[in-house]
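Enquirer: Throw the hints in and build the complete structure from the sequences for me.
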Amino acid sequence: MSDTPPNDDAAASGDHIGDHSDIDGGLTGSGLEAERARRTARLAELRDNGVEPYPYRFDRTHTLAEIRDEWGELEAGAETEAKVAVAGRMMLRRDSGKLVFGSLRDRSGEIQLFISRAVVGDEAFADVKELDLGDWLGVHGTVMTTRKGELSVKADRIELLAKAVRPMPDKWHGLTDTDTRFRQRYADLIVNADARRAFEIRHATVASFRRTLTDQGFIEVETPVLHVEAGGALARPFTTHHNTLDLDLHLRIALELHLKRLIVGGMERVFEIGRIFRNEGISTRHNPEFTMMELYQAFGDMTDVMAITEELIVNAARDALGTTVIEIQGLQVDLADPWPRARMVDLASEALGVEVHPSQPVEQLRALAEQHGVRWEQRWGGGKLVEELFEASAERSLVRPTFVTGHPTEISPLARVDRTDPWLTERFELFVDGRELANGYSELNDPAEQRARFEDEQAAKDAGDAERGSVDEDYLRALEYGMPPTGGLGIGMDRVAMLLAGVDTIKEVILFPTLRPEVES
RNA sequence: GCGCCUCUAGCUCAAUGGCAGAGCAGUGGACUCUUAAUCCAUUGGUUCUGGGUUCGAAUCCCAGGGGGCGCACCA
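Take 1 as the starting number for the first sequence in the numbering used here and just add one per residue.
Simulated from the structure, these hints should not be mistaken for laboratory data. Warning: the hint list may mix true and false statements.
What the hints assert, rightly or not - Label-pair ranges, simulated between beta-carbon atoms:
#: 1; residue 1: E311; residue 2: P361; range: 37 to 43 Å
#: 2; residue 1: E70; residue 2: A44; range: 36 to 42 Å
#: 3; residue 1: N279; residue 2: D156; range: 55 to 61 Å
A quick note: this is a predicted structure, and the numbers were derived from the prediction, not measured. Backbone N, C-alpha and C fix where the C-beta goes; we use that ideal spot for every residue, glycine too.
Expert: In structure tokens:
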């Protein structure tokens, strides 16, 4: 628990407009402060009458979806003897003299409350009139339908479970200001069904991945977030510090190196779904912290993990959406269709109309880059240039799921060299909607070669490329114990969720995306 | 980091150099079958902030802040 005093209203509200207002002075008029003052005054009034406006618990008999499942087929104008207790937030009310209709919502759905003065009595009915939109209610009553057939709970007794002292956003339009939606995700979730849906899809996707992998004998593990050296990918890390060890640490940028240590340890099939952190730009496709699923399968190679990639994503679509057909850029795409595979060098060559390959003289590739408006740097070799040319020419056109294979060795320090072409590796990336979703390879397990590759990385880092890696001696020691042939895979869970939810910014699938702190005005 | 766009009542939006408005929410009233309930009345503003131009600025200009999009970086 925090050290904040219990009545520090301003700190709890986080609302800079309200911080310097006079609550008592706001009892008349309107506006946010007057509204909060009115609702807060109601709290005091309830307590004066011996009613606790924040009770400790409520025992419900049914969720609202369960009510609908059981009684959804009742004909119009039906009354039942079924006594139920339901709980939820009051979202709407329609006041009609001695009758009040309310809309109660819980996680599972909504149901109408039918509140009659003749049933609840004058006193309780007067209390109902004092309820506000947004209040949490527990309702005891019977199941009925109205004359027009609306399934309802006819209230016998209504209990306030929690008072909302702040008004809900617009009941019809919800919240549209993206800043407010992301900062006050709680309010977004209350009023925007699309926001709730995106996170349901995300949950279903993650759950589906776990199920698919568990069914295939993968073991879920958790490895350290705090690394002495952040390796396993090319990215700039966040730095933090451990006080008692007096040690600078980095937040992980990948799961890879620890998981492969577990393959050395004989765990054979492992996966982790974990948060990783990259100290780089923020965009519609990038959040500084995001979720990766990585898996490693002993005795397999790149082709095995390509098959798993398809299976994971197709299963997730079925589990989250009930269909494998989704719309991407207006195109109907059946994810269950086989995904085309093409080498990066071939895609780039085709798009550019000229053969490209990392074995070509660097000057030639630089000239090609210039020709296509690709900015290049002196320290780049042929491999990096080929990747840049691919990204500039072909990447964006990969709308349907496509496996791009054969990444240059220069940009793949942990992948095994292609058995037919020493300039390339046995690596693939999955592209959908022009975005990279997954990355996998036949894992390099020769400790001597891995050391040489690490040393190349270290040299590049020393030469000023902050994203490059360094020599991980403990990882090399692990490889010296022997790592079996292994296929490895990483999938960006946020991007899979984006794809399945049909949203175009990563902030729609991250509950609390990284934003600048709110400023005091 | 650079470029473009944006910020008006609690929420959703008008007002394009001339009195800051509407709908919802709120408040008071009517209504025992409403369902974005309806009807009557009504409260509510640091127009993101600070400067400037102008007789007059939400509106034009400058600086700053938040956000969005694009570029760059990356997944």
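Enquirer: Now look at each hint and say whether the structure bears it out.
Expert: Hint check:
For E311 and P361, the hinted distance range of 37 to 43 Å is satisfied, since their beta carbons lie about 42 Å from each other. The hint said 36 to 42 Å for the Cβ distance between E70 and A44, and at roughly 40 Å that hint holds. Taking the beta carbon of each, N279 and D156 are about 58 Å apart, inside 55 to 61 Å as hinted.
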